[in-house]
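Participant: Protein chains in written order, with our numbering: chain A, 1 to 448; chain B, 449 to 746.
The set of hints was computed from the structure by calculation and includes no laboratory data. As the structure is a computational prediction, the values presented were derived from the model and not from experiment. No residue lacks a Cβ here, since even glycine has one placed at the ideal position from N, Cα and C. Hints may contain errors.
Said to hold, decoys possible - Beyond 10 Å from chain B on every Cβ pair, some chain A residues (computed):
(1) H40
(2) R206
(3) L298
(4) R319
(5) L322
(6) E383
Stated by the list, open to error - Not the full set, but computed from the structure, chain B residues with beta-carbon under 10 Å of chain A:
(7) P497
(8) W505
(9) L506
(10) A509
(11) A512
(12) A515
(13) Y521
(14) S527
(15) L530
(16) R542
(17) V544
(18) L546
(19) T712
(20) I719
(21) T723
(22) Q731
Chain by chain, the residues:
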Amino acid sequence: MDALDLARWQFGVTTVYHFLFVPLTIGLGVFVAGLQTAWHRTGKEHYLRLTKFFGKLFLINFAMGVVTGIVQEFQFGMNWSEYSTFVGDVFGAPLAMEALLAFFMESTFLGLWIFGWDRLPKRVHLACIWAAAIGSNLSAYFILAANAWMKHPVGYEVVDGRARMTDLWAVLTNSTALAQVPHVIGAAFIVAGGFVLAVSCWWLLRTRDGMWRGAARAALVMTAVAGLVVAGSGDLSGKLAYQQQPMKLASAEGLERDTAGAGFTLVPGIEIPKVLSFLSTGDLDATVQGTEDIQRRLEERFGPGDYRPDQNVVFWSYRVMLSFGLSTVGLSVLGLWLTRRRRPMPRFLARLFVLALPLPLLAVIAGWLLSEVGRQPWTVAGELLTAASVSPGVSLTEVALSLTLFTLLYGGLAVAEAVLLVRHVRRGPEEPAPAEVPAERREPSLMY
Amino acid sequence: MIDLWFLVIAFLWTGYFVLEGFDFGVGMLAPFVGGDDDEQRQSLQTIGPVWDGNEVWLITAVGAMFAAFPAWYSGLFSSFYLPVVLVLAGLIVRGVGLEWRGKVANPAWCDLGIVVGSALPAFLWGAVFAGLLLDGALPALLGGAFTLALSLLHGAVFLALRTEGRVRRRARVAALATGAVALPLAVVALSTLASMSGAATVPALAAMAALAAAVALIWRRREGWAFTATAAGIALTSAAVFLRLKQAPLPGLTLAEAASAPYTLTMLTWIGLITLPFVLAYQAWTYWVFRKRVALPR
Numbered sequence: 001m002d003a004l005d006l007a008r009w010q011f012g013v014t015t016v017y018h019f020l021f022v023p024l025t026i027g028l029g030v031f032v033a034g035l036q037t038a039w040h041r042t043g044k045e046h047y048l049r050l051t052k053f054f055g056k057l058f059l060i061n062f063a064m065g066v067v068t069g070i071v072q073e074f075q076f077g078m079n080w081s082e083y084s085t086f087v088g089d090v091f092g093a094p095l096a097m098e099a100l101l102a103f104f105m106e107s108t109f110l111g112l113w114i115f116g117w118d119r120l121p122k123r124v125h126l127a128c129i130w131a132a133a134i135g136s137n138l139s140a141y142f143i144l145a146a147n148a149w150m151k152h153p154v155g156y157e158v159v160d161g162r163a164r165m166t167d168l169w170a171v172l173t174n175s176t177a178l179a180q181v182p183h184v185i186g187a188a189f190i191v192a193g194g195f196v197l198a199v200s201c202w203w204l205l206r207t208r209d210g211m212w213r214g215a216a217r218a219a220l221v222m223t224a225v226a227g228l229v230v231a232g233s234g235d236l237s238g239k240l241a242y243q244q245q246p247m248k249l250a251s252a253e254g255l256e257r258d259t260a261g262a263g264f265t266l267v268p269g270i271e272i273p274k275v276l277s278f279l280s281t282g283d284l285d286a287t288v289q290g291t292e293d294i295q296r297r298l299e300e301r302f303g304p305g306d307y308r309p310d311q312n313v314v315f316w317s318y319r320v321m322l323s324f325g326l327s328t329v330g331l332s333v334l335g336l337w338l339t340r341r342r343r344p345m346p347r348f349l350a351r352l353f354v355l356a357l358p359l360p361l362l363a364v365i366a367g368w369l370l371s372e373v374g375r376q377p378w379t380v381a382g383e384l385l386t387a388a389s390v391s392p393g394v395s396l397t398e399v400a401l402s403l404t405l406f407t408l409l410y411g412g413l414a415v416a417e418a419v420l421l422v423r424h425v426r427r428g429p430e431e432p433a434p435a436e437v438p439a440e441r442r443e444p445s446l447m448y
Numbered sequence: 449m450i451d452l453w454f455l456v457i458a459f460l461w462t463g464y465f466v467l468e469g470f471d472f473g474v475g476m477l478a479p480f481v482g483g484d485d486d487e488q489r490q491s492l493q494t495i496g497p498v499w500d501g502n503e504v505w506l507i508t509a510v511g512a513m514f515a516a517f518p519a520w521y522s523g524l525f526s527s528f529y530l531p532v533v534l535v536l537a538g539l540i541v542r543g544v545g546l547e548w549r550g551k552v553a554n555p556a557w558c559d560l561g562i563v564v565g566s567a568l569p570a571f572l573w574g575a576v577f578a579g580l581l582l583d584g585a586l587p588a589l590l591g592g593a594f595t596l597a598l599s600l601l602h603g604a605v606f607l608a609l610r611t612e613g614r615v616r617r618r619a620r621v622a623a624l625a626t627g628a629v630a631l632p633l634a635v636v637a638l639s640t641l642a643s644m645s646g647a648a649t650v651p652a653l654a655a656m657a658a659l660a661a662a663v664a665l666i667w668r669r670r671e672g673w674a675f676t677a678t679a680a681g682i683a684l685t686s687a688a689v690f691l692r693l694k695q696a697p698l699p700g701l702t703l704a705e706a707a708s709a710p711y712t713l714t715m716l717t718w719i720g721l722i723t724l725p726f727v728l729a730y731q732a733w734t735y736w737v738f739r740k741r742v743a744l745p746r
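All chains, please: the whole structure from these sequences, using the hints.
Facilitator: Have a look at this one:
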């Protein structure tokens with residue numbers, strides 16, 4: 001174990017942890033904005049109650065997403081100074097744009113939304129939650145453009161051992177990013193949909209209040225539609241990986257040799273013939289490269305070294321992502337069918353949706369493991385190795401200390417957040433305020 | 449172009465120190481100027497709508513450093529590794545504490561998080577920048593103590609300006625008390641800074657004058673002017689630091705060596721020119737919306 005290993009663990013732990021909260025911020029923000037819009041349009045009290053209820057859950061989660069995100073922005077410089085110096089010219093631009101275009105908007109308008117219930121005209125207040133939600137989604141685009149560049153660098157040249165940007169537009173419209181953005185944002189909406197569904201079903205099992213059925217139906221629609229987007233963009237990502245990241249594709253399939261008409265391995269031993277070739281190219285008989293042959297070609301090009309990512313992690317994370325993700329979407333389609341035309345939600349299904357809460361989250365984590373472990377041993381594909389990216393001046397002890405601190409802190413906060421969410425879900429939405437209490441004397445429930 | 453981007457980054461850091469300076473101060477003072485939970489909530493509501501937006505100034509400053517001066521960004525944060533880890537830990541517990549305080553059964557944990565999480569970065573940023581200018585533990589300690597006291601003073605003045613009733617009166621007393629500590633520290637820290645480089649002399653001395661004026665103004669209950677003076681004191685201190693750093697942003701590194709290529713800087717300039725006016729406008733609007741003094745929650 002050296003400083004490099006620990007720095008990788010720290011990046012992995014803090015990033016995966018950060019991304020437990022991000023999907024809910026992305027998806028739930030839009031959902032809450034939709035609820036408030038419904039209230040604004042119809043004036044029905046239950047939409048307002050739901051807005052405030054899910055708004056509170058959104059805020060509990062949002063705080064964690066923000067504070068764990070700050071760590072990410074510093075971590076490139078702290079632990080990966082060689083990487084940062086090499087890529088800053090290109091990679092820094094989308095990060096700076098993310099802060100300027102997305103984070104300012106998200107945080108400022110969310111502050112206005114939380115504290116502005118009685119202070120702003122209704123329409124302006126509604127616009128604030130939309131601005132915040134759009135900010136969250138925009139931030140996802142910029143960070144994914146940066147991330148995609150690591151896997152498929154474009155719009156740059158290397159001068160004096162540093163990447164120099166030659167085309168910002170190419171970086172922002174990288175095909176890898178354009179496929180990844182709908183995939184990740186769609187997945188975020190599935191996570192948020194699964195969350196709203198679980199909460200609504202928990203309440204459906206306990207009360208007869210019709211508003212929970214409405215919330216559950218809305219969440220089902222959101223999950224099913226997002227499922228289509230994720231499947232489509234996932235297919236596109238696979239085809240791009242065939243061209244751009246053959247090693248990742250081969251590792252995800254456990255394909256060792258270049259194979260024409262390659263089959264798709266469901267689990268080791270069970271293979272559907274020709275499907276991998278078809279999924280990768282649209283042609284049943286196309287040749288898909290295998291890990292060992294790619295390894296040989298990479299050695300010829302870059303010299304001796306092991307260019308294969310961890311085969312087990314990549315292989316299995318792909319299967320976890322696919323199966324958990326597809327089963328979530330499948331369940332939501334089933335739910336839509338069974339609740340069609342005002343049919344009540346069957347109790348077994350409501351229970352199932354509560355239990356299925358972790359599925360989409362696990363699928364998302366597995367997806368990131370596939371994506372980023374599958375990128376190894378590179379930080380910038382074909383340009384910079386992970387081993388050459390780490391900060392030379394940061395010692396093993398320092399990384400061990402920070403990793404321990406972050407792990408303990410994050411562990412404690414995860415428990416606290418879970419307890420807090422459960423408490424507020426159980427408490428349920430506030431009763432509508434009696435009409436005789438004037439607006440300015442009502443408790444502003446989302447404030448501190 | 450390099451000079452322009454150095455100026456942008458200095459501006460972003462300065463904005464961060466001025467804005468989050470009072471956030472940190474309010475965070476640390478809230479349990480002390482608030483006698484009960486209602487008064488504490490009253491104090492925290494002065495920063496409630498704005499602290500997260502203020503923190504984005506830091507995110508933007510760091511993002512802009514990464515994009516415009518990659519070697520400066522990576523050198524700074526990897527060489528001050530452990531202090532930066534503690535800053536991050538502080539920002540984490542503080543942000544969570546602020547957001548969760550009204551939603552937990554027992555806010556004591558959140559209060560602890562807010563106080564510690566505000567004090568850590570308020571101290572450590574001063575220590576880091578002092579450490580960047582001068583070697584050794586003593587300058588870092590002094591720099592940290594100075595920015596900590598400065599945040600407390602700035603926050604106390606802000607509270608006096610933005611609240612009414614008992615909290616306002618206690619905040620004034622707190623401002624005078626922290627001013628008594630901050631002023632001597634300011635004299636030592638700022639005269640050291642002034643003596644280090646010709647360029648830094650004028651802003652450092654002006655900062656000293658502004659802080660002295662701030663204490664006099666809060667004594668005479670001119671809260672608005674006192675806040676202007678503490679804000680100016682922080683901005684001028686930051687300006688002095690960056691004027692000194694311009695010669696060598698890190699030991700052995702020049703700005704030109706650290707900078708990105710002209711193409712990147714040109715692109716960033718366009719993006720900044722288009723977006724920054726909007727950002728400044730809507731942030732200013734937030735302060736306008738919440739301009740009324742915060743009363744005791746009912």
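Participant: Please confirm whether A/R319 is truly not at the interface, meaning its C-beta sits more than 10 Å away from all C-beta atoms of chain B.
Facilitator: holds, 34 Å
Participant: Mind checking the CB of B/Y521 against every CB in chain A and telling me if the closest is under 10 Å?
Facilitator: holds, 5 Å
Participant: Mind checking the CB of B/A512 against every CB in chain A and telling me if the closest is under 10 Å?
Facilitator: holds, 5 Å
Participant: Is the interface hint satisfied for B/L546? The criterion is a beta-carbon contact with chain A at less than 10 Å.
Facilitator: holds, 7 Å
Participant: Determine whether the non-interface label on A/H40 survives the test: each CB of chain B must be over 10 Å from its CB.
Facilitator: holds, 19 Å
Participant: The hint names B/P497 as touching chain A; please verify it with the least Cβ-Cβ distance against 10 Å.
Facilitator: holds, 4 Å
Participant: Interface hint check: B/S527, Cβ to nearest Cβ on chain A, cutoff 10 Å. Holds or violated?
Facilitator: holds, 6 Å
Participant: Quick one: work out the minimum CB distance from A/R206 to chain B and report holds if it exceeds 10 Å, violated otherwise.
Facilitator: holds, 22 Å
Participant: Regarding the assertion that A/L322 does not contact chain B, is the least Cβ-Cβ distance greater than 10 Å?
Facilitator: Answer for A/L322: holds, closest chain B Cβ roughly 34 Å.
Participant: Does the CB of B/T723 sit less than 10 Å away from some CB of chain A?
Facilitator: Cβ of B/T723 sits 5 Å from chain A, so the hint holds.
Participant: Answer holds if the nearest beta-carbon of chain A is closer than 10 Å to that of B/R542; otherwise answer violated.
Facilitator: Check passed: Cβ of B/R542 comes within 8 Å of chain A, closer than 10 Å.
Participant: Quick check on the hint: B/W505 CB to chain A CB, less than 10 Å?
Facilitator: Status holds, d = 9 Å.
The structure is consistent with each of the numbered hints, conforming to all of them.
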